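Here's the letter readout for the chains.
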Amino acid sequence: MIKLRANKRLQTTIRNQVLWTRLGSRIGRPVAWVTSGSPVEMVLAAGFIPFYPENHAAICSARGMALGMAEQTEALGYSRDLCSYFRVDVGSQISGNTPLGRLVPPDVVLVSNNICGTVQNWFRVTAERFNVPLLFLDTPFNDAAPTENDVAYVRDQLVHIAAELSRLGIRTVTEKRLGAVVERSRSALGLWAEVLDMAAEHPAPFTSFDAFVHMAPIVSMRGTRRCISYYRQLRDEVKQRASAGVSSVPDERARVVWDNIAIWPAHKQLKKLFENYHVSLVADTYTSAWTIENLDPSDPFSSLARVYTDIILNHGAAHRVKVLSNMIKKFGAGGFVLHSNRSCKRYSLGQFGVKTALTAETGAAGVVIEADMADPRSVSFDNLQQRLVPFFEVLGANG
Amino acid sequence: MSRFAGLDIGSTATKCAVIEDGRVVMTVVLPSMPDMRLAAENALRECGAEGLPVITTGYGRALHEPRLGQVSEITALAAGVGLVAPDAATVVDIGGQDSKVVRVEAGRVLDFAMNDRCAAGTGRFLEVMSRVLHVPFDQFDDVASEDVEPLPVTSTCTVFAESEVVGLLSLRHPPARILKGVLQSVCSRVASLGRQVGMVAPVVCTGGTVQSRAVVRSLSLALGVPVSVPPSPQRVTAIGAALLCARRAAGGQLPNVG
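Protein sequence lines, in the order shown, are assigned to chains A and B. Residues 1 to 399, numbered by our numbering, are exactly what the first sequence covers, in order. Residues 1 to 258, numbered by our numbering, are exactly what the second sequence covers, in order.
Same shape as in the complex, but just chain A:
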């Protein structure tokens, strides 16, 4: 396995972002804590520095710090059945523990229920703890695509949120200013889509295990110039690999797609297991959630309303089958892994039905694995291996 040169740049980029948050807050830039599905473009246009508790929880988990933090939250009486990102985040807030040195408290929090209902409560708890305003964006759940009424409803809220952010921030959110941020987001999302699409090459020069790590800037820095520059370099490097025929896993023998968030406590072990069996994880519904195509800088409010209402988690199981089925065809996968994530009910609901429908539609073999994105107590690598190895063998036998 040849490491990406961009891995080093990623570390520097994340570290600089953390430093910038700290420095910025010291020189008077306000900080907004936002959910991964929030229209971050809004807070950037108002001059806020965004911070992502979800990303932070993922980093804590990947560094093996999640358990202690989760336990602190549970000691307050929160159930272990709640989202592990929530438990890690609150634990970090209480203890001040973080792998990033020190967290800067929010001046405002922005939450949207387009990814789940949990964040709504989570960010309310956060807003109360820090005694800061909470801005909430309600996105109607989609049966098919968002209707014009849905878009108008969400757009109205965005206009209201823009006024609030202008009052609380250091800049007025004008259509022009927002348009410029949206343009930068669009560029970064386009570059990220290019990177992910290159996994369609045989062999795949880049896998979802790479994407799980390199997604950090697109989640937390989209809308900034640094984000564009980061993905330009990554795109160029992956492109080079693709044209040189470099495979991410040695001697690729099978290709599969993934549904749901990564399993951070077992990330490295899983990556190794896939490599040992020569299986490329070519695409996933998680990192590809940030490959939105239809952002329109000339009409930022409506286009943000549409895009943030239309995201995958705001759709039902039939949509998931469609997305995964297209992915299987586009990336030439012979199988799919559905991670039933104990922490994320919205993402995991209906997976057995999805599995049956997907196999019927594509002929690809599937497996459901049970784990958790962050809580190591709900992740057993042995159990994962027990399921994945026979599944890999099925793929080899079919291939």
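Everything labelled a hint here was simulated from the structure, so no lab data went into it. Keep in mind it's a predicted model, so treat the numbers as computed, not measured. It cannot be assumed that every hint is accurate.
Claimed, not checked - Here's a subset of chain A near chain B, in silico, CB distances under 7 Å, partners left out: (1) L313; (2) V389; (3) P390; (4) E393.
As the list claims (entries may be wrong) - Computed from the model, here is a short list of chain B residues facing chain A with C-beta under 7 Å: (5) L68; (6) S72; (7) I74; (8) T75.
Just so it is clear, CB atoms sit at the ideal spot from N, CA and C, and this is done for glycine as well.
Let chain A serve as the given structure and place chain B on it in line with the hints.
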């Protein structure tokens, strides 16, 4: 060389099979504990398989060297069923530490489901209950043949079920009714796995536990379909590993075997 060995190092028993020209010539079953490595060596020796090419499978499959390869017990089970019950479309296997339902076709896996990080629904559950009830496994059939209604026992947790059974005994409920409840509990867990992949007939069941007719009867009731038991149900996975070994030695493709 025309003989090939398959070694299934399970959590409870270690099974070895030797095949020659696609026919089973010898099988051996030994307890895996206390030393799995030693059990594997003994099984090979007793099977006359020392020095033969071998493919290992089961929980302890990485323990034995040298080997031609290792393969998951799901793949080996499907291969074995392909020989001993070639018409089977679904295999239900209740092993010592896990239970699985595998959809098969001509010795290959189409789909599978396994129980997750839990002893409920496995042979281990029956072992624990056998101890509490003071009914040894080989007497299950006699005790469960009594014409009495089963007493419901939880199917979610071995530890809870054990205290439940102790409670039922203290209330002087007859062991036959409790045992039937225990069997129902295990089999209902397995049936829920079956629903994940779809129970397509004909169904065969394998694994050490289905040597008991009472288990098979209870399984058939829970699944709602007739099930048949091939000869030596405990050895099917080892036989499958031996078949895969022969295929591998002949230069055939054996997927992803490390």
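Hint by hint, work out which the structure violates, then give me just those numbers in ascending order.
1 and 5
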